Structure formats: C-alpha cells, structure tokens
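Please model the entire structure based on the sequences and the hints provided.
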Amino acid sequence: MFSLTETESSKLTGLSPAESCYTGTVKIVNSRKARISPVPGGDYTLPGHGESYDSCASVKFKIVCEDCGDTKLARNHCDRKDCPECAPTWARKRANKAADKIESACRQMGGRYRPRPVIVSLPPSMYDLPFNEVQQVLRELIKKFSRGTFGGSYVGHPWRFRDSQGEPLQPKHCDLVMGAVEPIYEGFAVYGPHIHAVMFGWIVPTDEIERETGVVFEVGEPLATRDDVFGYIYYSLTHCGVHATHRAIRWFGALSYNNFVKVSESTETVYPVCDYCGGELWAYSVEGDPLQRHCLEITKYHYRFKPRQKTLVPVKRIKKGSKGNLFMYQLVGSK
Numbered sequence: 001m002f003s004l005t006e007t008e009s010s011k012l013t014g015l016s017p018a019e020s021c022y023t024g025t026v027k028i029v030n031s032r033k034a035r036i037s038p039v040p041g042g043d044y045t046l047p048g049h050g051e052s053y054d055s056c057a058s059v060k061f062k063i064v065c066e067d068c069g070d071t072k073l074a075r076n077h078c079d080r081k082d083c084p085e086c087a088p089t090w091a092r093k094r095a096n097k098a099a100d101k102i103e104s105a106c107r108q109m110g111g112r113y114r115p116r117p118v119i120v121s122l123p124p125s126m127y128d129l130p131f132n133e134v135q136q137v138l139r140e141l142i143k144k145f146s147r148g149t150f151g152g153s154y155v156g157h158p159w160r161f162r163d164s165q166g167e168p169l170q171p172k173h174c175d176l177v178m179g180a181v182e183p184i185y186e187g188f189a190v191y192g193p194h195i196h197a198v199m200f201g202w203i204v205p206t207d208e209i210e211r212e213t214g215v216v217f218e219v220g221e222p223l224a225t226r227d228d229v230f231g232y233i234y235y236s237l238t239h240c241g242v243h244a245t246h247r248a249i250r251w252f253g254a255l256s257y258n259n260f261v262k263v264s265e266s267t268e269t270v271y272p273v274c275d276y277c278g279g280e281l282w283a284y285s286v287e288g289d290p291l292q293r294h295c296l297e298i299t300k301y302h303y304r305f306k307p308r309q310k311t312l313v314p315v316k317r318i319k320k321g322s323k324g325n326l327f328m329y330q331l332v333g334s335k
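full-length UniProt numbering numbers the first residue of the sequence shown as 1 and each following residue consecutively.
Treat each hint with caution, since some may be false.
What the hints assert, rightly or not - Only pairs whose alpha carbons sit at most 25 angstroms apart, straight line, appear in this in silico DSS-like list of lysine-lysine: (1) Lys93 x Lys144; (2) Lys97 x Lys172; (3) Lys93 x Lys62.
It is worth saying that the hints were derived from the structure and are not from the lab.
Here the structure is a predicted model, which is why all the values come from computation and not from measurement.
The following block contains the structure:
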C-alpha cells in the first residue's frame, strides 16, 4: 500500500512519468498513459487507450419508434480494442461470442454442469516473469489445484487499481477504465498480475494453497444463466491487458480451439421493438428520411467437441533371425 506525502501532493504538475510499479509504488502525474504501470515482457495497455478514427461514433442513422416516437442513434464503429469510442463494442462482441461457446458446451453436457468464475493471483515474488508466461503459469495452477475441471476460458489482467491515496479502487469507478460509472475517481493501474477465468469444475481448499504457495484463488458461485456468463466476461474485458498480437480471451482444456471446434455458423434476422412501449422501430436517415424497419443480423456459431483421436504407441516385437529388437506401431484408442 502506498500514499502521498505533502511534498508529493504539492508537486503534482511537475512530476516525471510513472516509474515501474512492480513493487506497488507510483508517482502522481497528469497523463493517463503515465498512470499505467509498465508490464514485463510486453507492450500491454488498457482497452480504449489508443487513437480513434474520424468516423468513429459518428451518427449512421436514427432509430425511431413509430408509436411513442422514442429516438436513438446508431453510430459507426471500427471494432478495435484500442479505440476510445469503439472499445465497448469490441468487448460486447467478444463477450457474446465467448458466452455462446460456453453455453454450447453446457448444452452438449446435458445441462448437468455450470461454469464458475475464478480469480487467480500470483505472489509478488513472481512479478518479474513476462506477463505472457504469467498467464500460462496461472492457467496451469488452475489445472493443478482443481477437481473435475476439463476446460474453460480466461482473461489476463496485469494491473490492480488504486486511488490517489493508495487505497484499492474498483475498476468500474476508475477513470482509466472504459465505461466507468459514477462516482469516477482518478486512478492508477499498479502492476499486480492475475487472471479472471470461467471454468467447469471446482477448486480444492484455497486457504491451504495460499499458505503453501502464496497463490491466491477467489472462487465464485456458478454462473446460472447465459447472461451471467456474458456479464462476467464483459466486465473482465473492460479492464484487461490488451496486446497488438495476443488474444484477450484464451481457452484451455476441452474448450481450447483444438478440442472444441466451430462446425458452422448461421445468421438470423431479428426485429427489435421499443423498450418503452413495444412498438415497431424504424430506421431514418440523419436528414430524417424513412429507410426501412430496423433489424439486426445476428450471427450464431455452432460448436462441437472434437472426437477423441487415436494415437500411435510403440509395441515391442522380436523379428526371427535378428539379434536386435524392432519396433512397430499400431493404432489404439486413447484412454
């Protein structure tokens, strides 16, 4: 934990950019970028901290209810994770797709299991590992200390958030996080790597793990509905670490890309109705000319578990008339 001295508080405008925050120390600066601690082994930042295009958030058309006249604006978006205007749209799309994938797995298991949220944090002694390796280590820790787990997803978080007094700050109230809600405070992203996972299974007693290894597990109640899964993953994406070449959502176990595969996709046309009166919605141009009834094209992805493959195993055989041993291979079903 850290706090500001009177001397530091009186020099807010003259401080240099933030130093490395691996030990949990930070300097006050005015720049948002300088309030984000550097991450070992990669150029990570928060969603929405890049540059937007000129067309981002510009009005595309109007959506008007024919009964009550309620009007909303449809805006252009670039669907980039680093765009200040469009990052929330990026997060919603990824969270929706991930929720559909997890729900598909639930259905194929006969609805017997529900995923649960788990947060796993490393001890400070391992903070100097590259963050990409940190995520792999945390994923393996989930596998090691869990029971009945066969797969799930996780989102990497390089930072914990603090206010100007060094006290913990909820991400949704931090001005660095996209979509922050009131009350909003000036915050600091202090390096503290952890992951938010959605997994099937349960964790062995977490107090014993923390005493023996220093690794902290926070296990939540099962996510009962598809909306719960979407909400948790979307929340995880709002303040995750994003990288130019790394995925924000990663999959492991039976839900990995190699084991739970997309077999097809379908498109469905949906006609939304007014939130207030249930009336039909119509699209109008920016100038006010009627276009057509407002509709949405929703793409659904269909998955299945990959059939278990056969593997080649060596079988020892002795050839007649030969002094040495020869090996041949036969196909056997994997167990």
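Exercise for the section: Any hints from earlier that this structure breaks? Give me their numbers in increasing order, please. Expected result: 1
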